[in-house]
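Peer 1: Sequence:
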Amino acid sequence: MKLIGLDSGLRATGWGIINVDGNNLTYVAAGTVRVPTKMSLAERLATLYRVLNSVIETYRPDEAAVEETFVNRNPKSTLKLGQARGVVLLTPAMADIPVSEYPANVIKKSLVGAGHAGKDQVEMMVRTLLPGASIDSADAADALGVAVCHAHHRRSRARWDSGVQVVHASTPAE
Numbered sequence: 001m002k003l004i005g006l007d008s009g010l011r012a013t014g015w016g017i018i019n020v021d022g023n024n025l026t027y028v029a030a031g032t033v034r035v036p037t038k039m040s041l042a043e044r045l046a047t048l049y050r051v052l053n054s055v056i057e058t059y060r061p062d063e064a065a066v067e068e069t070f071v072n073r074n075p076k077s078t079l080k081l082g083q084a085r086g087v088v089l090l091t092p093a094m095a096d097i098p099v100s101e102y103p104a105n106v107i108k109k110s111l112v113g114a115g116h117a118g119k120d121q122v123e124m125m126v127r128t129l130l131p132g133a134s135i136d137s138a139d140a141a142d143a144l145g146v147a148v149c150h151a152h153h154r155r156s157r158a159r160w161d162s163g164v165q166v167v168h169a170s171t172p173a174e
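Just so we're aligned: 74 in the working numbering is position 74 of the sequence shown, and the numbers increase by one with no gaps anywhere.
For the record, the hints were derived by calculation from the structure and aren't laboratory data. In this text, a Cβ means the ideal position worked out from N, Cα and C, and glycines have one as well. Among the hints, erroneous ones may be present.
Pairwise CB distance ranges, derived in the manner of DEER restraints [said to hold, decoys possible]:
{"id": "1", "residue 1": "T58", "residue 2": "G132", "range": "31 to 41 angstroms"}
{"id": "2", "residue 1": "T128", "residue 2": "T58", "range": "23 to 33 angstroms"}
{"id": "3", "residue 1": "S40", "residue 2": "K109", "range": "36 to 46 angstroms"}
{"id": "4", "residue 1": "T26", "residue 2": "P75", "range": "34 to 44 angstroms"}
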């Protein structure tokens with residue numbers, strides 16, 4: 001199973017690809033889409049789509065995971081980030097790849113064990129979990145973290161979505 005993790009941004013969007021074989025995770029590739037700020041918003045979004053589409057065509061992931069957006073204090077920045085995030089969600093969906101979303105604190109807790117971990121802690125754990133990973137930016141490290149989080153949560157999420165109940169043995173009443 002090949003997964004792509006995506007960390008949305010209008011200036012820089014991170015992407016990371018991992019292979020999952022049971023509990024074994026292996027690094028495949030990662031990078032950062034940097035879009036020039038001198039372009040119009042429409043041109044920037046189109047560039048983001050084209051580059052991500054090329055990544056998806058090259059690596060052909062089976063599933064995608066995207067970090068949910070937090071709300072900034074600046075409404076204009078939040079709106080622009082939302083538009084970039086829309087492209088990030090749309091690109092794998094247009095390739096018929098299932099897309100899952102995770103809040104930042106769930107991703108951090110899955111990797112580091114604390115929902116408010118710093119970017120340096122996330123990158124350190126990504127490097128530990130994916131030895132030999134070539135990480136060109138914090139955005140690429142975050143994207144690999146999203147992929148790792150999805151690898152950890154996808155089986156449980158699939159059971160939950162399908163309505164399968166997991167029954168735990170209970171202790172007899174005393």
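Peer 1: What are the numbers of the hints that this structure violates, sorted from low to high?
Peer 2: 1
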